[in-house]
Amino acid sequence: MNEFLTSLQSSALGMAIRGETGWDYLFPNLETLHVLSLTVVFGSILMVDLRLLGLAERSRTVTKLAAEVLPYTWIAFACAAATGSLMFISKPSTYIHNLDFQLKFLCMLLAGINMFVFHFGAYRRVQDWDAQLPTPAAAKLSGAISLLLWTGVIFFGRWIGFTT
Amino acid sequence: MTANAHQWALWISHTPLSVWLQHKVWVVPTSQSIHIVSVSVVFASALLISLRILGLRVSGRTVGQLVQQLSPWMYAALAVLLATGALQTLIEPRRQFGARVFWIKMALIVIVVLLTTFFVRAVTRDAHRWDSRAESPPMAKLFAVVSLALWVGIIYCGRFIGYTGT
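If you read the protein sequences in the order shown, they are chains A and B.
Residue numbers for the first sequence follow numbering that gives the first Met the number 0, so the first one is 0 and each next one is one higher.
Residue numbers for the second sequence follow numbering that gives the first Met the number 0, so the first one is 0 and each next one is one higher.
Please keep in mind that the hints were generated in silico from the structure rather than gathered at the bench.
One or more of the hints may lead you astray.
Subject to a maximum C-alpha distance of 25 Å in a straight line, what follows is the list of computed SDA-like cross-link-like pairs (lysine to any residue) [stated by the list, open to error]: (1) Lys139(A) / Ala66(A); (2) Lys63(A) / Met105(B); (3) Lys90(A) / Lys139(A); (4) Lys140(B) / Ser70(B); (5) Lys23(B) / Ala66(A); (6) Lys63(A) / Val57(B); (7) Lys23(B) / Lys90(A); (8) Lys63(A) / Leu49(A); (9) Lys90(A) / Phe159(B); (10) Lys140(B) / Gly54(B); (11) Lys140(B) / Tyr71(A); (12) Lys63(A) / Ser58(B).
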């Protein structure tokens, strides 16, 4: 794997992003686009999680809210992943061995698992509790875990900048 | 930075509170993370409202409903942004005051908050008419585009405050 990472790092793309080909602003621009994307990811997930917790958007059904908001989550996530991957290529070994980077991805993995469990668990019977409050305990738990993990993603993500 | 700003930055960085906080290295990154979370609330809300004004069917809700539901969250998040921003500036005043983009960012924030407040007031006062409209008036569409551009500009400025070219 080290060879693969080294080859990424020394690739033309990696060099360009690191600023070694004269375009100093490529990395900070990627970073800003990354931040813009993540605000949409987090903001949209926040809306759904707060609804599951019964703390916001209480007049809307869960299914309607999710249907409206989730397309934005996915598009923004794709943009965040794309910009993140490009930044990663500039210093792959540094990032892979960075603890905050690892913790960030662990949080995302756990958030994905939580989403999966929710989708095939409480959400399967959503018609039963779509419009009512409070939501079932399992839904509340998923919402709370999701919020915690995605906040973790942001926190660890910010710390990467301080530790690399 | 100007001599004045420099003096203020020095004075702030020497206050006992600032010195005490400077020694706790986890405060700035933690504050910045809360700052980013709050940016998410503001930007995602502004995006939803603006896209709805521009006619995209982003939700089954009307502009009036979106404004009514999201604006309290936006204002709360703006308060958190001000608090965390102030904290960060208290700890690293030279970093902020010495960056031209910081001052640009502050100016843009004043402008967008004023515009947003005018818009929210207009919609709330006239909620009935807003909800029965099929299409938003041209001024609203202008607001939608301008405010989004301002928010994006603010986020760009924010990122470049700490940028020293390294």
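Cross-check of the supplied hints:
A C-alpha spacing of about 19 Å is found between Lys139(A) and Ala66(A), which places the hinted pair at or below 25 Å, so the restraint holds. For the given pair, Lys63(A) sits about 37 Å from Met105(B) by alpha-carbon distance, which is inconsistent with the 25 Å threshold. In summary, the hint linking Lys90(A) to Lys139(A) is not supported, as the alpha carbons are separated by about 39 Å, beyond the 25 Å threshold. For the hint linking Lys140(B) to Ser70(B), the alpha-carbon distance of about 18 Å falls within 25 Å, and the restraint holds.
For the hint pairing Lys23(B) with Ala66(A), the CA-to-CA distance comes to about 43 Å; that exceeds 25 Å, so the pair is violated. For the given pair, Lys63(A) sits about 11 Å from Val57(B) by alpha-carbon distance, which is consistent with the 25 Å threshold. For the suggested pair Lys23(B) and Lys90(A), the alpha carbons sit about 28 Å apart, so the restraint of at most 25 Å is broken. The straight-line distance between the Cα atoms of Lys63(A) and Leu49(A) is roughly 14 Å, inside the 25 Å bound, and the hint therefore holds.
Proximity of Lys90(A) to Phe159(B) is assessed by CA-CA distance (about 20 Å); at most 25 Å being required, the pair is judged to hold. Taking the CA atoms of Lys140(B) and Gly54(B), the gap is near 9 Å; set against the 25 Å cutoff, the hint holds. This hinted pair checks out: Lys140(B) and Tyr71(A) have alpha carbons roughly 21 Å apart, not beyond 25 Å. A hinted pair counts as satisfied when its Cα atoms are at most 25 Å apart, and Lys63(A) with Ser58(B) qualifies at roughly 8 Å.
Hint violations for this structure: numbers 2, 3, 5 and 7, all remaining hints satisfied.
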